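Following the hints, put chain S in place on chain R, whose structure we already have.
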Amino acid sequence: MFRFIVRRLLQLIPTLFGLSLLLFIWVRRLPGGPEDAILGERGTPEMRAAIRRSMGLDEPILVQYGRFVQRLLRLDLGTSSSTKRPVVEEFLERFPGTVELTITALVIAIGIGIPLGYLAARRRGRLLDHLSVGGSLVGICVPIFFLAYVLKAIFSENLGWFPSSGRQDPTIDATRITNFFVLDGLMTREWDAVADALWHLVLPGIALASIPLAIIVRITRASVLEVLNEDFVRTAEAKGLTERTVRGRHVLRNSLLPVVTSIGLLTGGLLSGAVLTETVFAFTGIGAFIYEAIGQRDYPVLLGFIMIISVVYVLVNLLVDLSYSLIDPRVRVR
Amino acid sequence: MALLEVDDLSVTFARRGQRTVHAVDGVSFSVDAGEVVGLVGESGCGKSVTSMAIMGLLPRQHGTRIGGKAVFDGTDLLGLDDRARRDIRGRDVAMIFQDPLSSLNPVIPIGLQVTEVLARHRGMRGDAARKEAAGLLDRVGIPDPDRRLKEYPHQLSGGMRQRALIAMAVACRPRLLIADEPTTALDVTIQAQILELLKELVHDSGTALVMITHDLGVVAGMCDSINVLYAGRVVETARRRPLFREPRHPYTAGLLGSVPRLDSGRGEPLNPIPGSVRDVLSWSEGCAFAPRCSRRVDACLDETPPLVRTHDGRSYRCVDPVPLPGAVPAQAGPADQSGAPSPEPNEEKTRD
Numbered sequence: 188m189f190r191f192i193v194r195r196l197l198q199l200i201p202t203l204f205g206l207s208l209l210l211f212i213w214v215r216r217l218p219g220g221p222e223d224a225i226l227g228e229r230g231t232p233e234m235r236a237a238i239r240r241s242m243g244l245d246e247p248i249l250v251q252y253g254r255f256v257q258r259l260l261r262l263d264l265g266t267s268s269s270t271k272r273p274v275v276e277e278f279l280e281r282f283p284g285t286v287e288l289t290i291t292a293l294v295i296a297i298g299i300g301i302p303l304g305y306l307a308a309r310r311r312g313r314l315l316d317h318l319s320v321g322g323s324l325v326g327i328c329v330p331i332f333f334l335a336y337v338l339k340a341i342f343s344e345n346l347g348w349f350p351s352s353g354r355q356d357p358t359i360d361a362t363r364i365t366n367f368f369v370l371d372g373l374m375t376r377e378w379d380a381v382a383d384a385l386w387h388l389v390l391p392g393i394a395l396a397s398i399p400l401a402i403i404v405r406i407t408r409a410s411v412l413e414v415l416n417e418d419f420v421r422t423a424e425a426k427g428l429t430e431r432t433v434r435g436r437h438v439l440r441n442s443l444l445p446v447v448t449s450i451g452l453l454t455g456g457l458l459s460g461a462v463l464t465e466t467v468f469a470f471t472g473i474g475a476f477i478y479e480a481i482g483q484r485d486y487p488v489l490l491g492f493i494m495i496i497s498v499v500y501v502l503v504n505l506l507v508d509l510s511y512s513l514i515d516p517r518v519r520v521r
Numbered sequence: 021m022a023l024l025e026v027d028d029l030s031v032t033f034a035r036r037g038q039r040t041v042h043a044v045d046g047v048s049f050s051v052d053a054g055e056v057v058g059l060v061g062e063s064g065c066g067k068s069v070t071s072m073a074i075m076g077l078l079p080r081q082h083g084t085r086i087g088g089k090a091v092f093d094g095t096d097l098l099g100l101d102d103r104a105r106r107d108i109r110g111r112d113v114a115m116i117f118q119d120p121l122s123s124l125n126p127v128i129p130i131g132l133q134v135t136e137v138l139a140r141h142r143g144m145r146g147d148a149a150r151k152e153a154a155g156l157l158d159r160v161g162i163p164d165p166d167r168r169l170k171e172y173p174h175q176l177s178g179g180m181r182q183r184a185l186i187a188m189a190v191a192c193r194p195r196l197l198i199a200d201e202p203t204t205a206l207d208v209t210i211q212a213q214i215l216e217l218l219k220e221l222v223h224d225s226g227t228a229l230v231m232i233t234h235d236l237g238v239v240a241g242m243c244d245s246i247n248v249l250y251a252g253r254v255v256e257t258a259r260r261r262p263l264f265r266e267p268r269h270p271y272t273a274g275l276l277g278s279v280p281r282l283d284s285g286r287g288e289p290l291n292p293i294p295g296s297v298r299d300v301l302s303w304s305e306g307c308a309f310a311p312r313c314s315r316r317v318d319a320c321l322d323e324t325p326p327l328v329r330t331h332d333g334r335s336y337r338c339v340d341p342v343p344l345p346g347a348v349p350a351q352a353g354p355a356d357q358s359g360a361p362s363p364e365p366n367e368e369k370t371r372d
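Chains R and S are the protein sequences, given in the same order.
Quick note: the first sequence uses this note's numbering, first residue 188, plus one each step.
Quick note: the second sequence uses this note's numbering, first residue 21, plus one each step.
No lab work stands behind these hints: they were computed from the structure.
Hints may contain errors.
Stated by the list, open to error - Taking beta-carbon pairs under 7 Å as the criterion, some of the chain S residues facing chain R (in silico): (1) L77; (2) L78; (3) G110; (4) S123; (5) Y172; (6) H174; (7) L176; (8) S177.
Predicted model only: the values in this text are computed from it and were never measured.
Note that the Cβ used here is the ideal one computed from N, Cα and C, for glycine as well.
Isolated chain R (complex conformation) (with noise of 0.2 Å):
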């Protein structure tokens, strides 16, 4: 087990070197470049030369390559050229409210899209079922930004329910150790910020929420009613056991595999997904700040981005590969 985690992690090493350096060529390939977005239409070719030389940028490419692993060994993503700021200081302010966001939609997701497929199948061809299919269509057919003013309309502008926008009401004066808020709060036991922040994942976290929701829905109602013709819940039957041990021991279980497989593939789609929502819930995470540098051709941020991506989704996949053994004898690693 542990030679296996070791080995996966080693593995991620070559992994980020190759992406590294094909994102490093690909981005600069995309046309215009920082000094466009600093001084538009009005620079001078002499201007512009001299941003790019101030950025390093009019050496060989291989050149600001190994320059950029080099930083990169130690941790250091470079300095965002828009906002002049150290890149890795940006993302420790706002990426910890995108993963809050995330953690919520995938709590939301997992912990209604289980029961529910799992119900859906149980109760197959009744009204329970056909309501969670033909919800679960809905979920994934509508758009998040539309889905997000709905429930922004209807919860917090109507009914007040939940705060509209942002991740902490500003009368709160909250210690910031992490900027995670929810976890911050937890640290220094401010109750109220706890409570607050959790308030303001509500609405965010329902909206990122729907697509995973449905997906993982209809993944674990298709599963479980695969697993309730399999000959071993005949055998749990005839063994005269408890509808309730046959169920959960026997079927539920088994039907979990590609439920797990799905959510891996999720969580990382919902990191970078959550633009939309934070946007439209004015929500300070990472998404905006994105969307941003893209257009700033801001390549420091880009490549910081999605390097981090990049090893989320290879952490979060080896969580899925151990999960996979912990359910299953038949996976176990070695």
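Chain S only, in chain R's frame:
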């Protein structure tokens, strides 16, 4: 009173837009305590559905109808509610299935799959249950039971898996064991071992065994009495010896005749029963076997052939049975033209 008395059991599957299927169409048979009874027939004759109906394992779906009775020790199993049925299943009546690999839960260790029965019906937990489980594995011939308890089904061989399933089935010393083609998925040598084990277990514990199979070799080696099923009905019932020596129903005769024999010459063709199970009539239209039968007479299509019981406890459902060796073959006479051959003197017809 027999231990299990199945009386006029019928199972129909109705589906919208499709013809209703009479999978089991009035099956009756009985099993005495300690007896080994065979249910024999080709695939699709209803033998598995019969066992599933008795166990209450048929999926409770819209359109599935179960009729008749299956009286086990005074209680009609078909009339029980779900809870009472779960109490009996695994404790008094247990079942072994065809494919041992798919019949075991792949993600749970063998140990738990054995102890869960002990916990459910005998209230055994922890160390006591583990010890009992190891004892059970040992009893069904699995070496090194303590290690095997911790292993998963995929780590066991095919024969070992079937032994483990048998251990689970006999864990509560059931009075009736139903084995649905328990050796079909196994190698021939393993088959023999498993059959030997089953024989031993029922002999030692006095458990009655219902052996469901299409394999006449298994029947010959195991069963005290045999019910031959065709198209959802019992067409012949007899003790083992008389059945093999003097089959009366043409279908039974056909089954026996289609077994390849070592003493027949090389190159001699096999004798399959012509047609397939799909060429059946509905029993309400006459004899379901008539389309494939070599002894067909007009009377076969008049009505459901009545069950004929003979003095020696045999019964068959045929208007023109295979004559007993030594008996004068039925002559074409007035009786035949009327469509109903006169019954032999010591036979009695029953309408059912």
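Can you list which hints this structure breaks, lowest number first? Hints 2, 7 and 8 contradicted; others consistent.
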